[in-house]
Amino acid sequence: MIRFTVVAGLGACALALAGCNEGKLETGAPVAGGASAVAMLQTANGAEAGRATATEVSGGLRFTVDAKDLPAGTHGVHVHTTGRCDAPGFETAGGHWNPTGMKHGTMNPQGPHHGDIPNLIIDSSGRGTVAATVPGATMAALLDADGAAFVVHAGPDDLKTDPSGNSGGRIACGVFRAS
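The sequence shown maps to residues -18 to -1, 1 to 161 in mature numbering (1 follows the signal peptide of the UniProt record, and there is no 0).
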């Protein structure tokens, strides 16, 4: 009888807590019918290098990267302010996407900004994936008048040095398009 009382009591507590959050989704939870955008990544010579996807989630955007045929190692990856990827250096993508005016990096006490995504690790076969949710980011801001791009850098992002984490040159780029 005691076990039933404890279980019933815990169940009642869980229902009460669930009722408090009814209708509210935790940041990052999937949103039914949420918009998405895809950036097809290419290297400077035009070779396919995978894709980056932005998906609306509760309270922000979820960025997912599936890279292929890139050099093995750790690479900084970022959302950039302009939807252009002119080879060979992809400088036309502009700086990192930073609509909130923060500093670069999750380890920077004045950061991070919306363009910061964790490092992408490429294995010996040239493949790698990474995903992150950016709270407060919106599809409307990402796909504004001049668009946005996703860039893979040559080296790792140190996650703190403004403006780019010392991640080196740009080796792949793709422009986000609504999907």
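Where hints are given, some of them may not hold.
Unchecked claim - Have a look at the derived ranges for each label pair, beta carbon to beta carbon:
hint, residue 1, residue 2, range
1, D68, P145, 32 to 42 Å
2, A11, P70, 34 to 44 Å
3, A29, R159, 18 to 28 Å
4, D126, P100, 32 to 42 Å
5, G83, A17, 38 to 48 Å
6, A136, A14, 12 to 22 Å
7, A17, D128, 32 to 42 Å
8, A160, A113, 14 to 24 Å
9, P70, T120, 27 to 37 Å
10, P70, A14, 20 to 30 Å
11, S106, P81, 11 to 21 Å
12, D68, G10, 25 to 35 Å
13, S40, S161, 29 to 39 Å
Simulated from the structure, these hints should not be mistaken for lab results. Even for Gly, the Cβ is constructed at its ideal location relative to N, Cα and C.
Structure-based check of each hint:
no., hint, result
1, D68 - P145: 32 to 42 Å, "violated (20 Å)"
2, A11 - P70: 34 to 44 Å, "holds (40 Å)"
3, A29 - R159: 18 to 28 Å, "holds (19 Å)"
4, D126 - P100: 32 to 42 Å, "violated (24 Å)"
5, G83 - A17: 38 to 48 Å, "violated (25 Å)"
6, A136 - A14: 12 to 22 Å, "violated (39 Å)"
7, A17 - D128: 32 to 42 Å, "violated (18 Å)"
8, A160 - A113: 14 to 24 Å, "holds (20 Å)"
9, P70 - T120: 27 to 37 Å, "holds (32 Å)"
10, P70 - A14: 20 to 30 Å, "violated (42 Å)"
11, S106 - P81: 11 to 21 Å, "violated (37 Å)"
12, D68 - G10: 25 to 35 Å, "holds (33 Å)"
13, S40 - S161: 29 to 39 Å, "violated (19 Å)"
In summary, the numbered hints that this structure violates are 1, 4, 5, 6, 7, 10, 11 and 13.
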